[in-house]
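Student: Chains as they are written, first to last, in this note's numbering: chain Z, 34 to 318; chain D, 34 to 318; chain S, 34 to 318; chain W, 34 to 318; chain B, 34 to 318; chain L, 34 to 318.
Honestly, the hints are just simulated from the structure, not real lab data. Some hints here could point you the wrong way.
All copies of an identical chain are treated as equivalent in the list; a pair is satisfied when it fits inside any one copy or across any two copies.
[What the hints assert, rightly or not] Simulated crosslink set (DSS-like; lysine-lysine; CA at most 25 Å straight-line): (1) K253 <-> K88; (2) K128 <-> K139; (3) K286 <-> K257; (4) K286 <-> K253; (5) K128 <-> K253; (6) K128 <-> K286; (7) K39 <-> K88.
Given next are the chains, with one letter for each unit.
Number of protein chains: 6
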Amino acid sequence: MYYHDKRLQYPVRVETPDPVFARQLQQAIGGIEGEIRVCMQYFFQAWGNRSPNAKYRDMLLHTATEELGHIEMLATAVALNLETAPVSAQETAAKDGVVGAIMGGKSGREAMEGMLQRHILSTGLAAYPANADGVPFDMSHIYASGNLAADMYCNVAAEATGRVLATRLYNAAHDPGMRDMLSFMIARDTMHQQQWLAVIEELGGHAGTLPIPNSFPQEKENQKFNYNFFSTSADGSPPPAGRWTQGPSLDGKGEFSVVQNQPMGEEPVLGPARPDSGAEAQQIG
Amino acid sequence: MYYHDKRLQYPVRVETPDPVFARQLQQAIGGIEGEIRVCMQYFFQAWGNRSPNAKYRDMLLHTATEELGHIEMLATAVALNLETAPVSAQETAAKDGVVGAIMGGKSGREAMEGMLQRHILSTGLAAYPANADGVPFDMSHIYASGNLAADMYCNVAAEATGRVLATRLYNAAHDPGMRDMLSFMIARDTMHQQQWLAVIEELGGHAGTLPIPNSFPQEKENQKFNYNFFSTSADGSPPPAGRWTQGPSLDGKGEFSVVQNQPMGEEPVLGPARPDSGAEAQQIG
Amino acid sequence: MYYHDKRLQYPVRVETPDPVFARQLQQAIGGIEGEIRVCMQYFFQAWGNRSPNAKYRDMLLHTATEELGHIEMLATAVALNLETAPVSAQETAAKDGVVGAIMGGKSGREAMEGMLQRHILSTGLAAYPANADGVPFDMSHIYASGNLAADMYCNVAAEATGRVLATRLYNAAHDPGMRDMLSFMIARDTMHQQQWLAVIEELGGHAGTLPIPNSFPQEKENQKFNYNFFSTSADGSPPPAGRWTQGPSLDGKGEFSVVQNQPMGEEPVLGPARPDSGAEAQQIG
Amino acid sequence: MYYHDKRLQYPVRVETPDPVFARQLQQAIGGIEGEIRVCMQYFFQAWGNRSPNAKYRDMLLHTATEELGHIEMLATAVALNLETAPVSAQETAAKDGVVGAIMGGKSGREAMEGMLQRHILSTGLAAYPANADGVPFDMSHIYASGNLAADMYCNVAAEATGRVLATRLYNAAHDPGMRDMLSFMIARDTMHQQQWLAVIEELGGHAGTLPIPNSFPQEKENQKFNYNFFSTSADGSPPPAGRWTQGPSLDGKGEFSVVQNQPMGEEPVLGPARPDSGAEAQQIG
Amino acid sequence: MYYHDKRLQYPVRVETPDPVFARQLQQAIGGIEGEIRVCMQYFFQAWGNRSPNAKYRDMLLHTATEELGHIEMLATAVALNLETAPVSAQETAAKDGVVGAIMGGKSGREAMEGMLQRHILSTGLAAYPANADGVPFDMSHIYASGNLAADMYCNVAAEATGRVLATRLYNAAHDPGMRDMLSFMIARDTMHQQQWLAVIEELGGHAGTLPIPNSFPQEKENQKFNYNFFSTSADGSPPPAGRWTQGPSLDGKGEFSVVQNQPMGEEPVLGPARPDSGAEAQQIG
Amino acid sequence: MYYHDKRLQYPVRVETPDPVFARQLQQAIGGIEGEIRVCMQYFFQAWGNRSPNAKYRDMLLHTATEELGHIEMLATAVALNLETAPVSAQETAAKDGVVGAIMGGKSGREAMEGMLQRHILSTGLAAYPANADGVPFDMSHIYASGNLAADMYCNVAAEATGRVLATRLYNAAHDPGMRDMLSFMIARDTMHQQQWLAVIEELGGHAGTLPIPNSFPQEKENQKFNYNFFSTSADGSPPPAGRWTQGPSLDGKGEFSVVQNQPMGEEPVLGPARPDSGAEAQQIG
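If we strip away everything but chain Z, and leave its shape as in the complex, we get:
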């Protein structure tokens, strides 16, 4: 179970409110690279964790709980960036400051153009769980597979795309308070990339985890095709060479090679449509 403190994990200051930056920050709340995603992903991985070793459930709870505080910081930042946003057609934006140079002199009607409309129309100048183009977050993005190594790679993917997003927001930002907040979040993403990769290392690295799932007897897979790069060039020209076209496989269990893709199967033959199945008469044999 959970507790709260009314204070924020890290300071959130906005000197020059900017409603378009509020829109951009939404990506870090409700985007697929955002904080709702990691928060809920880590919680569901924790709650469903099956392992003789309870430490993974516990670790996941620590970090999931931290991430909840990140959503809160970002939601606060969005609201602060919307403090002076237009709510009526008659308003005129002030001309002061960095953003004023952009918004200044625009009517409310005009200043509304670049905003997320739901910031004006649906939330009363506050954040909501959608991305920077207004698409609501969809919980199908919570990856929790029941396989610890697979989940760790899902988490690395989430924190890698998350840190990419955070640095893009940093570059798009002009407010020092926002840059300070983002520099903290970028640092936390650095740590979280490390953390999930460290679990992989603790599980034995490539040799200890691959192929995922490592509990499936590898003799049941078709071992003629498990370390081959298939080329699909129409003209049979070879694919570019890389670490994956020759040499030992990363798990030490095979040798990479290149194979030209060729049909091993036949043209499939489905039965004709059956009466009563809603087909045209011409489809019924």
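Got chain Z sorted already, so can you dock chains D, S, W, B and L onto it with the hints?
Tutor: Just chains D, S, W, B and L now, with coordinates in the frame of chain Z:
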């Protein structure tokens, strides 16, 4: 651009059609761990690839094109498993064989219960791009971030959850043809896990890629908080020790430590609601 | 604007309530082939109709309004099929009648298995706007393009898939009341297929409407490629002959031919990733 | 910011694991009436709260944080109900106990039929954020309007549908541990219904809050039509009498009456389609 | 069943077409606070109404039918606001009038920037069922629970957020015709808020309806926790006092109190991962 | 199975990159009228084709494979249009050329306003599978009904709305390279409209295919209502005359007529709510 051959990449045989296994196979077509996802993900990563080295675009095209053939195999397998599925209430399922032991004697009406209804009502006994519970695939799951290392981890995540799914389908299967097809697909997932990790290795491994994106000057992140595990225990009890709580970080640029999470920020103060913003009068300062 | 009559357009009777058939009927309410779709599609086409001739708006309103009554009939049918559905684990289903032969003797818990769970848990034994596998209807399926001929083909597509669905439901039904209701709906779909094709005919048939939109000057399209079937066989084998591979085009403006698909463009070259764009350093030129 | 305790708010025990009840419980996790919804709704209302009185933000945080623990309890309950669920076609379910009487003797293949397939194929026998028919939770259901009274009614609606769901689950349950857990959750829903209505009362009840938003000058609304029930009977027959057809309005600012709906507007006339707008030539004036 | 009149319920005039206001109006069509939602919600509540008293079905039909006319008015308003919107890059917007002052002199290309792109590309300058940021309406927002009191609160919530939206649109509007139309819609929302609350009053108010559902025997809920406010402060500091922390409960059946949240349960223990379940070998006990 | 060539089907050139046009092009990638839709629709129709005549499967594969190359061309076009798009707040757009006249002098921050934010924040200046307002493509739009004639009309609808879209993009474009690419795509849409209609002709035209499905015995439909236009005028005024109100039906099997819609059914009577179903006590008979 692209070409086709009418034949399949690998044989698809079904000895005993089973409409419930057809349902389960849908997860590998339209599930978030499925083949549409990897196919389209690799295509979009290829088409948007920005790099002085064109080899990554090329490699991605090879594998994306292969995956398109996997969707085709699975769609064929679904249709073959639906060959004898009920389409009217009056039918009676035959009692022969493995599935007959389950379906046998059931009326059409009863045999329909465990099926995806859209297999009966919408597709005429064929596959469609949805998962095993009928939820259509949503293209927001195509991860293509513009960052090569992040994308590789997204791909590892996809192939790891994909192989986990394929082995679960293998265990759920009873038909030798289906097990043979899945043994091929499981092997290809083994290779693809290798392949994306090999790109990471080629880029220099942890040291060469972390933190992702490695093009963001690390001095701009808040370096007090980039290698610390934050504990959120309400009672301050320490988190479980792991590779991520002490020792050198994986990128060799820091040292792990543990920090008890504490509010560094204040209770946030948003401005009161503004007139004309649709709030209750009591919210307006 | 609109009016209602409390009575139904056509009688809806259910002699033997069947909660699994209630599930199947949902496809005709909230499926992409269902009645919400046609109702709302015709309304939005009417409301946005731009034409010097007001008759199309009017005609669309007539049929949209009729379709609203069809949703009502189906929702009533779903509720009647759920009259005796299980709501508690302790119940035991009666054994009488056609459905009783299936449900009979099952406990409430067991009888719940084949149902849409939201019929039990969310609606209190009534219909809701989702399909037969529980996926809610999504209004992106309302096709209203602003082009009258395109919209008519969208409507034919809707009524064709709609009648296919209705006949499949008819075949899956065992209740005479349900079959009677469906025989009415199937008849209405017959008429509506006719109706939209009759608009095409009134607009001059293929010659008068094709290519859609016919207001775009055809000399602006690349006229070397507008009546050619492109073959994508990897081995260059010819495609199957058909009405579309030779002879005059249907609009009388061209002649069909077959062309082997070949790259006319080059390998695309995107600029390298830019600094500050969140890429890996290795991607920056 | 937030803290966690590894223990649960209330005990979660399952004596007889039942994978179909696991499916039903998903509605309380990822259904629109479920706990993710209220948790996230209260958090976003708190984080965006604009009011001179900070108590509402604080109160919302208390309850949002509590609800997070309810998701955890339900996720635990789902996992425990899946402990003995089938994962391979070859298994045979044991025949002991209440559920055994249902599952007993079924093969793994057959026992899988009534389950959510993603419990088998995607999560490794654990919960995920979707409803009882497998539809993922969509964050557009987080209602946080920026209007305190509107939000309170959204919350009452959520807790009312939430308690209805919880009592339906109670009735569908057969396990004493599950009934005990649900009896706790039902009690909490009782309190939360009270809590949001108490805010309305504190704001002055109907007179103090209606019409919502009460900050919009009521003289700007068309006062001829603000307390009239509009009848849409096609034959002009009167609507049924009720508290809303006569007598003083609930806010004390008007008097209810009944009006027959009649067109006050004209048939709308849109401009014809414009050249270059993609219409058929016949639509262009 | 239903009938139509070609005329509108209330006049819809637009003096100065404004394509950005067309975008904003979309929220009232396809937003979660919009008219499709209330229309369909009231229809589904009517069609599924189970009650010995048929008056509620009838009343819901009256209002649902009225709401259909509101969607029509808004769709007309969107189309009229798009009359002069740009459709080609070469156009230049006129400079006359209020909007001309904003759009004037902009090229077609530039004037397109603030618009919903689908107004240009998909609809031919007409409305479609999506919100102001282009997200299509999703029918999962149709709340019809089978519990009359819960549904009434869902309806109050819909009309409260709906009227908040309508007043925000009024403030964002500059056109007198649009303000007149909105003043009518705001008035109707006032009435509809009243109407649903009047049902609650007719059912006996708080005492007669709470806790919802009132048909569940309250002794089955855990009566130690049904009128307590749970505090989740990490430091145990008391929550803010309110009507909900002390005094009699609103239903007269209990007394409010405050309780500090404490774990009553244990750390959950799930079984280890099972062989054949797709986990890593390290997770299997 | 499938092969690729690194070169494009047709040249894609962009002289003046325009990030807002990049946004508009997204509609042709991930919009419901776009290329992912037709590509996947034709593939699923091919893979599930049931017919004694294998030519339809083959033909569909040819065209589906071609469409995959169209997505590739469009994705390339989007990336090229984003080449000079802003990635930081500090940039200033150049003033050269057509777009420079629009973007010129704008700061990066300001130039970002009209863009899809995910082009900046999520993809690193590349395409993704969403529409021009950022809504991801949803695979429920893949229509493959199992009925060949219904599918052909779905395909005509797709190519008709697709060509409408492409001509709108042509008109919105200012770049000669983009207009050249679009002139090719418009031509291909012309052919594809022809192609699907030619299948209908080959199947015997209206007489040979209608009503769809033609395999359902027409005597089972209610033949009193299968060629009647139902009028829903509230005042009984006749509908506008058209090809569909009189004369022989298009399939030659009936005669059109007009009927005033009248209730043939009764007011529906659902059973009262049952105890244990979660209703209010007042609803239980």
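Student: Should K253 paired with K88 be assigned to within, between, both, or neither, using CA atoms and 25 Å as the limit?
Tutor: neither (32 Å within a copy, 33 Å between copies)
Student: With identical chains treated as interchangeable, where does the CA-CA distance between K128 and K139 reach 25 Å or less: within a copy, between copies, both, or neither?
Tutor: Answer is both: 9 Å inside a copy and 16 Å across each meet the 25 Å cutoff.
Student: Treating 25 Å as the Cα threshold, decide for K128 and K253: within, between, both or neither.
Tutor: neither (70 Å within a copy, 30 Å between copies)
Student: Check K286 against K257 for me: Cα-Cα at most 25 Å, and say if that holds within a copy, between copies, both or neither.
Tutor: within (13 Å within a copy, 41 Å between copies)
Student: If the cutoff is 25 Å on CA atoms, where do K39 and K88 land: within, between, both or neither? Let me know, please.
Tutor: Cα proximity of K39 and K88: across copies only (11 Å, versus 29 Å in one copy).
Student: Within, between, both or neither: how does the pair K128, K286 come out at a Cα-Cα threshold of 25 Å?
Tutor: So K128 and K286 fail the 25 Å test inside a copy (66 Å) and across (43 Å) alike.
Student: Within a copy, between copies, both or neither: which one fits K286 and K253 at a CA-CA cutoff of 25 Å?
Tutor: This pair counts as within: shortest intra-copy Cα distance 15 Å, inter-copy 41 Å.
When held up to the earlier numbered hints, the structure conflicts with 1, 5, 6 and fits the remainder.
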